[in-house]
Amino acid sequence: MSSFIQFNQVSRWFESSSVRFEALKNIDLHIEQGEHVAIIGKSGSGKSTLLNMLTGIDHPSRGTVQINFTDVHTLNESRLAKWRGENIGIVFQFFQLIPTLSIRGNLLLAMDFVGSIPSNARNDRAEALLAQVGILQHADKLPAALSGGEQQRAAIARALANDPPILVADEPTGNLDSKTTEDIQRLFADLVGNGKTVIVVTHETVLNTEYDRIIALKDGAVAADTSRNSPQ
Amino acid sequence: MNIKLLKVIGDLRINPGRIILVIFALIIGLWGVGSILVSYTILGRDLNENFIRTIPPHAAITSRDFNKLDLAALRKHPEIEKVEFRDFATLRIQTHQDEWIPLWLFGVEDFNNLDLARIFDQNSNSRPIVPKDEDMLIERDGLRFSELKAGSPARVRAGGRVIDVPVAGISFDPAQAPGTQDHLIYAYVNKKTYTEITGEPSNQRLIIRFNNVKTTQEVQAAADGLVNYFKSFGITVDTIKIPKFMEHPHQWQLNTLLFLEGSIGFLAFFLGAVLVSQLIAAILARQIRQIGILKAIGASRSQVFQIYLTMVLVLGAISGVIAVPLAVKSGYAYAYFVANILNFEVLTASLPHHMYLYLIAASLLLPVLLSLPAILKGTRISVREALSEYGIQQASVVKKSRIIAKLSLPRNLVLAFENTMRRKKRLAVTVAAMALGVAIFNTGFNVQQSLKDLLSDVNNSMKHDVQVVLINQMPKEEALKYFSGIDNISRIETWNGGRGAMQNMIVSTDSGVGIVALPYNTDLIGFRSIKGRWLSGPSDPEIVMNQEAAKMYDNPAIGNSQLLSIRGKQYKAKLVGIADEFEKPKIYMAQEQYDAVANPEHYINSLMFVAKDKSYDKVLALKKNIEKAIAPSGLQVLYVIMQAERVKIIYDHLKIILVTIVFFALLVLIVSAVGMASATSINIMERTREIGVLRAIGATPAIIYNLFVAEGMIVSAVSILLGLLLSWPLSIFASKFFGNLMLEVELRSSFSKSGFVITLIATLVFGWLASRIPARKAIKVSTREALSYE
Ligand SMILES: Nc1ncnc2c1ncn2[C@@H]1O[C@H](COP(=O)(O)OP(=O)(O)OP(=O)(O)O)[C@@H](O)[C@H]1O
Ligand SMILES: [Mg+2]
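In the order they appear, the protein sequences are chains A and B.
Under the numbering used here, the letters of the first sequence match residues 1 to 232, in that order.
Under the numbering used here, the letters of the second sequence match residues 1 to 790, in that order.
The reader is advised that the hints may include incorrect statements.
[To be verified] Pairs of lysine-lysine residues, derived as PhoX-like cross-links and limited to a Cα-Cα distance of at most 25 Å, are as follows: (1) K4(B) / K141(A); (2) K82(A) / K452(B); (3) K452(B) / K572(B); (4) K82(A) / K377(B).
[Said to hold, decoys possible] Quick look at which bits of chain A chain B covers, simulated, 3 or more residues with Cβ under 8 Å: (5) 4-10; (6) 50-64.
Read the hints as simulated data drawn from the structure, not as lab findings.
From the three backbone atoms N, C-alpha and C, an ideal C-beta is built for every residue, glycine too.
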């Protein structure tokens, strides 16, 4: 029996001039479809490294990562790109929109790369997503013309462009004010309500109650994994 | 519109300065390479085409017995393709008042039926005007340096007579060496007029084309066969002349030019290529994070590759649209320039279609090829690497700056130095490109200096001022008496000489070597020894050869006895020296020896005038006075020539090459300076953010400006130093190489002081501009803009 997302004994170490630094240590992790997961931990605890394993951006030094029955670490670069485009939407903290394209263009580009949305449906889908994150009125502006919060919404809309079942975000609210942070968090919660699996790395100390599960990392290992019974 | 294309256009628009720089570099590169390609295509075929169009003969045979020849029967011979009479005489013609130069007069069998050694009407490929009896045609190149023109008579001197011959029209003979360079005029008359002007019978010279010959050797064999055939009719052949096989006499100049074009073009292209690939690499380096994002949102490597490929193709297309028409224009212009100097017509009216294809392909493919490494590197980078790109690695800088710190240099200079060291690879490429430019530029001057040295050698080797060469030898006193009243003559030395041959001669068809019989102790020859010494006295059988003669006889050993045949007499003499002299093959011997063997009457055939006042104008006046004295005298003069003219003739042969060398060298320097300017610009653009930080911590624009200029100057100083060092071996090689290519002698390598100064100043100015312009731009960026620069 296997979970939707499954880490088996995942380790990741970095070697530099004979010193081996272990960023992740034997991580076993199971995440089910529709879960809203927060990953927390001090700076350098391995949060981003863990997310990279999940998105295929980086590969484990040892152990396996399986997502939706796919062995992510076995995919080659080009298949990985396609798989990622179809299965995972990624949101980063900084610099993620293509500065030379409009917000609409950013969404269209993502759909163009993956090609799973029929081309005549792409523009409508882009507008629907922008409406969903509340920035449809900015569709034809360049990213630089948007505030930080608006840019982050645009990035989320783009991450959803190819309708991936999983959304991961690495400190998406890291440099936003608390009001905007709350808005973004609510947006994620809505997405979970629509059936997406959302995994967010966050620094927030005061944790929003919307998370189903909070995984705390410490020195590359899981220090705590607290699930909250679903209220419904 | 395609969203990927939109992104490409967006990317191109975001940094117009850099994109313009890339396009500019591409245009320069494409333009340069394109014009070379175009002119190479035109020149490479048209000189030869012009030559071949004349249906040039393979050989010319002279005999006084051709009246015994049945030409119709000869034409039926299977080995003969074409044959006709084309008489030939060297006379003299007046170009300006009292200025006479050689006239090469051709007696043509039938102007209406030119089937061999064809000439054309001026500026066209149609038949020439048919001159009536007593009229002549002159070759168009002669119009450039004479007052001759169609419709008015020309003064011609044949033997002792002066005849006015009306010029009926202007012809074009692309098979001849250009008259401007050889300082002579070609003229064409019918047989009757030929006899009238020269006083010689016609039908004494046959020009022949053989069937099935492919080499000079085969022509030689066929000609030998013909000589035997003639013998059977009692026809004695006087001379056989076999020109280079199917090659224009000045093909060597064109070859040199084409080689120069090719090699310099390749170099300019190479430098341009380095520049373009650097710029594109810099653009891509800025896009690394974006590549990470593109991949994170699902772009495969090939999709990323496509995006940047499209970008480069767009750049190439824009550059091509501008550069290709320019290249065609300037390529043609250069071809016309060369054609004009070498006196041939550009026949390539329109370029072959594949040329355009090449040019378009070049504009699209070259940028792709040049940026391929950068694109591949950029697209291969993994998302993780792309997103965690930390920027400039500082580690290697630290060590060096510590060393610099110890030298207690001004803080600004230290900073400039550190910055210069920062991008080591790019710096190396920049310095190498600039150094190469400097080296070639300077080498151009040094080669030019070598050629100038050669000219001054020529000038020094003969110290007379005017030489009169007589057609027939005569008693000394009789020749001298005409010149007694002339001003500005310090003295006149009289020499003799003629054709001779050495027994171990290899080329049997050659008409031999010039024998010069002169006072052994003459001070008119500046003997520069390659080996051995000059003649020691009047009574020893000794000879001195110049290097061309030595080469001709397979470099005989000094001290050995050689058997010479002079005027049918045998003469045995010891070879005592080989002279370094840029001259036709010559053998020098003492007058007394020559007279004893072949000249019992002590006749002379050349008069060497030494002027009192050697200034050009005074010598020219002397020459005119000599001509004036000759005019009524009845003296049969082969030519009268000023030493300065002799030098000028050689100079005129080299001029086009000298000009081209410096022109191309300048081109390379400009391309490398543009390269340096853009490398500095990239450097500065990449550090826009750093400029912001510097400004934020209190650096004034002046400090930043000085910082960048100092950086640029450090780079140019290093480049210039390396370039000048590199130009040393390069000059040695180039002098040898060009000497062999052009003149079949090895030029001594020389150092051009003025060239050095020009190189130094030019490169420093270029270097200064190259760093000043981007530095000025850098300080115009506001602190806020600089800090938010991505
Ligand atoms: N490419 C790498 N090479 C060497 N060490 C690395 C590399 N990437 C990450 N590390 C190290 O692994 C450890 C975990 O890094 P990671 O980025 O996962 O931390 P993080 O929890 O995301 O921290 P932060 O909250 O600051 O983003 C850190 O000590 C980091 O220095
Ligand atoms: Mg992190």
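Okay, the hints, checked on the actual structure:
no. : hint              : in the structure
1   : K4(B) / K141(A)   : holds, 17 Å
2   : K82(A) / K452(B)  : violated, 69 Å
3   : K452(B) / K572(B) : violated, 38 Å
4   : K82(A) / K377(B)  : holds, 20 Å
5   : 4-10              : violated (count 0)
6   : 50-64             : holds (count 4)
Of the numbered hints listed earlier, those contradicted by the structure are 2, 3, 5.
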